[in-house]
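J.: Below, each chain spelled out in residue letters.
Number of protein chains: 2
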Amino acid sequence: MLNYHQQSEWTGDLGKLQSPINIVPNQFSNDPQRFNYDVQTDYILNQVIDDGTTIRLTGSGQANIFQRTFQFQQVHFHIPAEHLIAGARFPFEIHLVHQNAIGQKLVTALMATIGDANSQFEQILNSFAPKSINHVAIKITDWINFSAKHGFHYLGSLTTPPLTEGVEWLVLNNAPITISDEQLQRYRKLFKENARHLQPLNDRKGYSF
Amino acid sequence: MLNYHQQSEWTGDLGKLQSPINIVPNQFSNDPQRFNYDVQTDYILNQVIDDGTTIRLTGSGQANIFQRTFQFQQVHFHIPAEHLIAGARFPFEIHLVHQNAIGQKLVTALMATIGDANSQFEQILNSFAPKSINHVAIKITDWINFSAKHGFHYLGSLTTPPLTEGVEWLVLNNAPITISDEQLQRYRKLFKENARHLQPLNDRKGYSF
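Protein sequences appear in the order of chains A and B. Residues in the first sequence are numbered from 653 upward in steps of one, following our numbering. Residues in the second sequence are numbered from 653 upward in steps of one, following our numbering.
Calculated directly from the structure, the hints in this document are not laboratory data. Computed from a predicted structure; not experimentally measured. Among these hints, one or two may not hold up.
Identical chains share a label here; the pair holds if one copy fits it or two copies do between them.
[Said to hold, decoys possible] Okay, derived cross-link-like pairs now, DSS-like style, lysine-lysine, Cα gap no bigger than 27 Å in a straight line:
no. : residue 1 : residue 2
1   : K757      : K857
2   : K801      : K783
3   : K857      : K801
4   : K783      : K668
From just these sequences and the hints, can you work out the full model?
T.: See the structure below:
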């Protein structure tokens, strides 16, 4: 299993475009016109998997993101958040992993805050069983289906080995998602912290909107 | 200088998405609607550089390619062609390297045939001097400004170290470009063959149009 206490021993693609990063908004160019995210087919989760460090759920769905068609593939979770926004670390980060027709990856990162319980996350917790795969049918389109979208777009990497670069990140910092403190504690009993260390921005350019 | 006779010693990103490849058209999905390539600002070359294995020219220009805005950065040449199309190797391949605002690279590959002399390539040959950098002003928008475009789109890599993956390739096989046999011989007197060996397609999906 991946050891988050010995990240220096992780191997993989270790170039200049690694993730996560601390997003310093005034280092990103503001360009609201760049943004588009239209869900074309509902995001539906169908399998719950114990991957050792988080709950991973595979699913289907389709969205037009930044003028291109992406297929939703899987969702998983990080405690605490991996990306920082202006130095702030949220308690919980949700990664929606997409791929397009030629194999480019785009991850939508949603920052959750603590508040009301999230009904879909409740279903996920209830359907999870250690070391097994369970079938579910959970619609999570609501997680991304909100009117005002504010966030950041930059080119980075997977945050677990093989740490592959060339992954597009869409980090949304006004996600309408809350989970309850009770849900966070249930999740914490199952998994340890799994945030990769911050990586240097180097000379990357990012966009905000 | 890069040694094309000892490519097994090249180091870099050696994953599953390497270029060049032999493009077998019936393994690519046909989808003419995917294609768009609109030049928004003329492609102008401004510097001629001897990079040891080819003539490299930096330049400026902008195009909307696959619904995204890319800046043209540089052009260079390969003899013979690096990509094969249905097993056919053209004598000369032109690489127009682009980058977008978040740092994604897209290379337009033009396959040239032998025929009439190309006036812009003549200017390039005339302005080249070994081991030096010369300033020029050569407009090459015509090289990509043709009505019917047929080609292939897939995800690959740079074909020279660091062999970085995640590079989008747009290989156009009906480029209207010819160079004369005399131009090819002039170029051959300056540079040796510089085609990287073919790389496995693995499970990549590509598109044709």
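J.: Now, for every hint given, state plainly whether the structure supports it.
T.: How the hints compare with the structure:
For the identical chains of this complex, K757 and K857 are neighbours both inside a copy (18 Å) and across copies (14 Å), given an alpha-carbon limit of 27 Å. In the homo-oligomer, the alpha carbons of K801 and K783 never lie at most 27 Å apart, since the shortest distance is 36 Å inside one protomer and 51 Å across protomers. Taking CA atoms no more than 27 Å apart as the test, K857 paired with K801 passes inside one copy only; the shortest distance there is 20 Å, against 32 Å between copies. Taking the shortest alpha-carbon separations for K783 and K668, neither the intra-copy value of 35 Å nor the inter-copy value of 30 Å comes in at or below 27 Å.
Violated hints, in rising order: 2 and 4; the structure is consistent with all others.
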